[in-house]
Amino acid sequence: MKAQDSLLHALTDVGDDLVEEAGHLTFPASPLRRILPLAACCAFILGAALAIQTWKPSLEAQIILPDSEDTAQEVLPSAEDAPATEVPETTGSVYILKLDDEIYGARQAVDFEGNVLVEVEHGELYLLKDESTGEALAICARDNLEDAEIASPIDLYDLEGTYLTTIEALRISCTGNVIQVNTGEEYRYFSRTAHALLASGFEDADLRGDFVLAFDLDTGMCCLFDTSGSMTATFRTERYDGRLLEWDGKHYFVITDEQGREGLMDTSGAWVLEPAWDGVTAMALGQAVVSLDGKYQVIDLDSKEILFTWPYHIYQIHAEGYVVETEDGWQQALDLAGQPVSDPAFRIELLDDEGDGQVELIQEVQTDNQLAVYRRTDGTLVREVSFQFGELYQLSARTATFRKENGNLEWIIDVETGEKIYLAHEYFYLEIIDDYDEAILCCGSYRDENNNLRTDILNEYGEVILPDVLGVVGIQHLGDGVFAALRNGRRALVRLDGTILYESDVPVGYTMQIDPEAIPTYACYLL
Amino acid sequence: MEDNAILALYFARDERALDETANKYGERCFALSYQILHCRQDAEECVNDTYIRAWNAIPPSKPTFLGAFLLKIVRNLSLSAYQAARAQKRGGGRLEPLSRELADCVTGNPEALLEAAELSRLLDRFLRSLSQKERCLFLRRYWYADSISDIAARYHLSAGTVKSSLHRTRAKLKAFLQKEGVSL
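Quick note, the sequences are listed as chains A and B, same order.
For what it's worth, this note's numbering labels the leading residue of the first sequence as 333, then goes sequentially.
For what it's worth, this note's numbering labels the leading residue of the second sequence as 102, then goes sequentially.
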């Protein structure tokens, strides 16, 4: 094979994320933005601003300070009046329940008492949340979707289901004081407090809990806003290629200067690390990995002191050491003095359940003999676990599952004690419910003796917490320990203790007809 | 249907997985194969073989990106089919120009070929060092085998801009491979 053909073939196995990126990413021009009649633009801006103005007082009405008295609020039952199950800690929450398995389909927004607040028949329903605090602000309903990629009316409701306003858009998002409206043609930004348009005309955007980055691809400018809505920095797209590092809930941008040197900027637009490096690749504990002239270094971001130098890649930083590349291309864990605390391995995983840089265990993955070696951060051996003819999947620093080659789960191992826990069912699918933060919970699916699909919720030691939640694979966690479930042949909301919060009147498999008169509770049609 | 739901069907050994895969990814797989082979019948065969390979691979594999997983299979099968067709001196295909362009990156001793997996790893690293736009242009041309005009239309650029970007990226790749001590 010719050398150039080798290149063509070898390209196949580059990272899946790169293939996906090139498969989906487009850099659209925005000619429409320039030719939109000014009057229409002004009308929209005015309409949107008015809508937000109308909406704002209702949003404020949801914010109740813990110590404030609000006589209009429903009085919660006293402990004596409480039902046998514990008083829910989910007061004020709203859950979005899918009534079918379509991407856009029938949905209900249900409150913590099981009241249906808003419904859509064929569309999407989501909670507009302040990404900076996680607080739910409103319910957004987009119904009768024929083409989800074209802007259509989004009806906004408060968290009690009262209609607020309608905005023509693809999506509305919020972080801090900034409301982002994606019209399908551009991104527009409004101030929640000043009820004013902050900026518009952006073709792409990235909104997170601590910043908004808006892109004007015509001019190549990126505008960075903080959560108050102030523009804190601008830079050209060729200087920023989307690389973000994250630590302690804050994001940092890897920016390249005109000479091709990389630096690190925080969300206030300040340089955390001036551009002086060939690469800035990892970050943790107020330190970053930088490379210069083929040398890799760990630098303290406050003092700019070089803490550690290595001739090959430094992959990760943690409180008691580093993960580096060896001369032979393997990975190895080192202590802070640069001394090895693991053998070279195909892969080194740092098991850090809290994600705070304080690593509980180091895992070496040896693919030659299919062995996982667990060590403490000083290198002390804890256990060796063979995963021959299968694969090991870490649940936490305490437990891991072994799946056979056919994908079925065989056992869970307690890493400290070495105890293997065999489960009651042969789960063919088991996955961590990653948005449940209180504990490690998994959903496990299996087929019963009649070949029916069953899905349980288990803890990380294989104990079934909530059996037979759904007749499909996977779990929908709707927040606060409330899950979508199948009960009595209907879709329902259940809590972890098994109590049913709400049972829909829509049987599974039933397709709702768009007939507002026949279904008079459909708020979005009646309003 | 979302990828997780499709994967769940594979794990449940439910043959609807194949229908859902074809519904969601069939067109993309066919488009890629057709770009390489330029023959509808051969491309359809490659796509069908892709579904069989995916069925056999999942489980135990559980791809994070199902789309990329399938596209890689179809790309491999299509490249093999292309080589077989070329050996028999039949079929068109669009790889000749790509191969000629990539010859820009070739230096050194062709006897000292690198192991394919190592070369893939290096290419991955190289691509991650590029800007997003450069990377997408390069991959659309040499991974997806898109024509220059298609890339230009996709990214709202002139054909000349696309060509010059690709030229610069090939030069960077050559420098990168030289720096890494790779002889191709």
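Read the hints as simulated data drawn from the structure, not as lab findings.
A portion of the hints provided could be inaccurate.
Label pairs and their computed distance ranges (CB to CB) [unchecked claim]:
hint : chain 1 : residue 1 : chain 2 : residue 2 : range
1    : A       : E606      : B       : A254      : 50 to 56 Å
2    : B       : A185      : A       : N784      : 55 to 61 Å
3    : B       : A254      : A       : L713      : 35 to 41 Å
4    : A       : D829      : B       : R226      : 47 to 53 Å
5    : A       : T641      : B       : A185      : 47 to 53 Å
6    : A       : A771      : B       : A185      : 51 to 57 Å
C-beta atoms are modelled at their ideal positions from N, C-alpha and C, and glycine is treated no differently.
Hint check:
1. Taking 50 to 56 Å as the suggested C-beta distance range, the pair E606 of chain A and A254 of chain B does not conform, at roughly 40 Å.
2. Taken as a hint, the range 55 to 61 Å is violated for the pair A185 of chain B and N784 of chain A, whose Cβ atoms sit roughly 46 Å apart.
3. In this structure the hint that A254 of chain B and L713 of chain A lie 35 to 41 Å apart at CB is violated, the actual value being about 58 Å.
4. D829 of chain A and R226 of chain B have their C-beta atoms about 50 Å apart, which keeps the hinted 47 to 53 Å range intact.
5. Distance hint check: the CB atoms of T641 of chain A and A185 of chain B are about 51 Å apart, consistent with the given range 47 to 53 Å.
6. Evaluation of the 51 to 57 Å hint for A771 of chain A and A185 of chain B yields a pass: the beta carbon distance comes to about 54 Å.
In summary, the numbered hints that this structure violates are 1, 2, 3.
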